[in-house]
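Once you have looked at the hints, place chain B on chain A.
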Amino acid sequence: MIKGSADVTVAGSGLLGLATAFELAQRGMAVAVVGPRTGPHGGQASRAAGAMLTVFSEVESTHPPDRVRVEVGERLAARAGYEQWLAAITAASGRSLALVPGVWVVANAVGADDAAELAAIRAAAIEHGDPAETADPGEVIGLAPQHRAHQALWLPTEASVDATALTAALAAAVYGHPRCTWTDALVTGVRESGEQLVVAADDGTAITCAHVVLAAGAAIPVVLGDGELAEQVGAPPLWSGRGTSLLVRAPFTVPVAIRTPNRGFACGSHLVPRPDGRLYLGGTNRLSTQPDYGRSAGLDEIATLVHDGGAELNTRLREAELLDVRVGHRPVTTDHLPLLGRTGHPMVHLATGTYRCGVLLAPRAAQIVADGITTPGRHDRHPYSPRRPMPAPALAELLAGSTHGLVEMLCQPGGQLPAGGAERLEAFLNAALAELATGRTGPAAAVQRMWRRAPMAETVPLLLDAAARVS
Amino acid sequence: MNPAAMTSTRQAGTSPTAIDRARLLIAELLDHGAGRDPAMIGADDTLSGLGLDSLDRVALAVAIERATGADLADTAVLRIQTVTDLAGHLAGGKA
Numbered sequence: 179m180i181k182g183s184a185d186v187t188v189a190g191s192g193l194l195g196l197a198t199a200f201e202l203a204q205r206g207m208a209v210a211v212v213g214p215r216t217g218p219h220g221g222q223a224s225r226a227a228g229a230m231l232t233v234f235s236e237v238e239s240t241h242p243p244d245r246v247r248v249e250v251g252e253r254l255a256a257r258a259g260y261e262q263w264l265a266a267i268t269a270a271s272g273r274s275l276a277l278v279p280g281v282w283v284v285a286n287a288v289g290a291d292d293a294a295e296l297a298a299i300r301a302a303a304i305e306h307g308d309p310a311e312t313a314d315p316g317e318v319i320g321l322a323p324q325h326r327a328h329q330a331l332w333l334p335t336e337a338s339v340d341a342t343a344l345t346a347a348l349a350a351a352v353y354g355h356p357r358c359t360w361t362d363a364l365v366t367g368v369r370e371s372g373e374q375l376v377v378a379a380d381d382g383t384a385i386t387c388a389h390v391v392l393a394a395g396a397a398i399p400v401v402l403g404d405g406e407l408a409e410q411v412g413a414p415p416l417w418s419g420r421g422t423s424l425l426v427r428a429p430f431t432v433p434v435a436i437r438t439p440n441r442g443f444a445c446g447s448h449l450v451p452r453p454d455g456r457l458y459l460g461g462t463n464r465l466s467t468q469p470d471y472g473r474s475a476g477l478d479e480i481a482t483l484v485h486d487g488g489a490e491l492n493t494r495l496r497e498a499e500l501l502d503v504r505v506g507h508r509p510v511t512t513d514h515l516p517l518l519g520r521t522g523h524p525m526v527h528l529a530t531g532t533y534r535c536g537v538l539l540a541p542r543a544a545q546i547v548a549d550g551i552t553t554p555g556r557h558d559r560h561p562y563s564p565r566r567p568m569p570a571p572a573l574a575e576l577l578a579g580s581t582h583g584l585v586e587m588l589c590q591p592g593g594q595l596p597a598g599g600a601e602r603l604e605a606f607l608n609a610a611l612a613e614l615a616t617g618r619t620g621p622a623a624a625v626q627r628m629w630r631r632a633p634m635a636e637t638v639p640l641l642l643d644a645a646a647r648v649s
Numbered sequence: 002m003n004p005a006a007m008t009s010t011r012q013a014g015t016s017p018t019a020i021d022r023a024r025l026l027i028a029e030l031l032d033h034g035a036g037r038d039p040a041m042i043g044a045d046d047t048l049s050g051l052g053l054d055s056l057d058r059v060a061l062a063v064a065i066e067r068a069t070g071a072d073l074a075d076t077a078v079l080r081i082q083t084v085t086d087l088a089g090h091l092a093g094g095k096a
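Chains as they are written, first to last, in my numbering: chain A, 179 to 649; chain B, 2 to 96.
Since the hints were made in silico from the structure, they are not lab data. Just so it is clear, CB atoms sit at the ideal spot from N, CA and C, and this is done for glycine as well. Among the hints, a few may not be true.
Unchecked claim - Label pairs and their computed distance ranges (CB to CB):
hint, chain 1, residue 1, chain 2, residue 2, range
1, B, M41, A, A322, 46 to 56 Å
2, A, R273, B, A71, 56 to 66 Å
3, A, T619, B, L25, 18 to 28 Å
4, B, A71, A, G522, 49 to 59 Å
5, A, G455, B, D38, 50 to 60 Å
6, A, E373, B, S16, 46 to 56 Å
7, B, S49, A, L595, 36 to 46 Å
8, A, H241, B, S49, 29 to 39 Å
9, A, P218, B, T47, 18 to 28 Å
10, B, G52, A, R618, 22 to 32 Å
Here chain A stands alone, though its shape is the one from the complex (with noise of 0.2 Å):
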């Protein structure tokens, strides 16, 4: 065995955990991470990442007031610092990075309600005494799509950086920190001895510490087990929202990001200006409620990438060059809100859940994490607290509101229903999935069951496959 000793031990080695150890080491503490430092990262949402700093872009018009309060709020104070942030893995990197300030959002038929989406991120920009232009898409560069735009939004504090680059700057950064050590390997459980944590890997490696840092995404509650450490923490349940997102070298120039909003589930259509001329296009979303890191991306998911992104965003994607196809697993809550900062357990602490946002709000959740470590009690009433209660919704009210979605999804790629059809067959799903909530067939049973396991409104979609896998 391996043994080492930390002031803090930050288990996960995507863009959280680093931040959280690079914040911490700058603080004076000695970090110990553990996580896969070399080798291929499958299924780290940060590799995999579009890397928009989205402050308003991924405001829904049915998101309540009060989310969308809290949610902009801690992105804002995320953004305002994060020239600064860069700045600092720059200095201790020798990497430069390089963020490409704003974000176009299209609206077209495509989103029956895209012109209410587009009104909700202004109106949410607005709020916040933001600037948020409305424009004509003509003057949108790079967008040429199939299915023509009728409304284009600038968002100037929105911008993108190559989430790749980023993340291996800021590895660099803590790598070569002095007051950092770096295990190679996957966590596989914390224990406590005595009045010390114990935090081990599948390398042999134990790390004795007064602190631990879980930022393993939905591979938490697997470190955490089901013993009594796991009882107090007393983590919420986590789940991944499974993407595909492609690298390719496209026949035209996108200076700037552009996006549709959110849809089916998903973050939209969205194309990121990557170094060298290469474009990112993405991103699927789809919930898993046991990920599967190792899996590689579908064809399914690959088609709805191409598909989407030529009809919504440039018809000559078509023509482009496929470089690189990735996978990333972004940790999700049931409220869709990050946890971060100490436990029901005064050592162990949460840095995850940013789900869409991760790195965007890395900066701020990693200080957010480290003052409940040097200044504890700071952050113990903030709303993302690990410690918040999390009701989950009645899968009767959730079910009513989703159909919408689950059409348009179902229609993924480019299928179209005839004049009237969505309707039908959203009112039509409304009624069966009512009757699968509450009734007791094997179908029932297992819609129910799943909906009991991962109470949220990207479940919708699995439940689909749930029915019809029981006979």
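Okay, now just chain B, sitting in the frame of chain A:
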């Protein structure tokens, strides 16, 4: 049924009938009824090794609840690793 599977069935103390029911259930799930030979599924095979995903586990949980008439907790479902474990649950025992 291969000889190795038979041996391990006896070792695990699970009735061959329950193992056969478990095999049939898995075969149906794997091919969506397209006819995989249940006899090719070994008693020691793991569910994940056979390619069953989390949704298949939901279907298995429902099948177990129907076979036993008792509620089955999610944590118990997650602990089912092998075909023999599944057979134990179908037979009404605690695997």
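* May I ask which of the numbered hints given earlier this structure violates, with the numbers listed in increasing order? => The structure breaks only hint 4.
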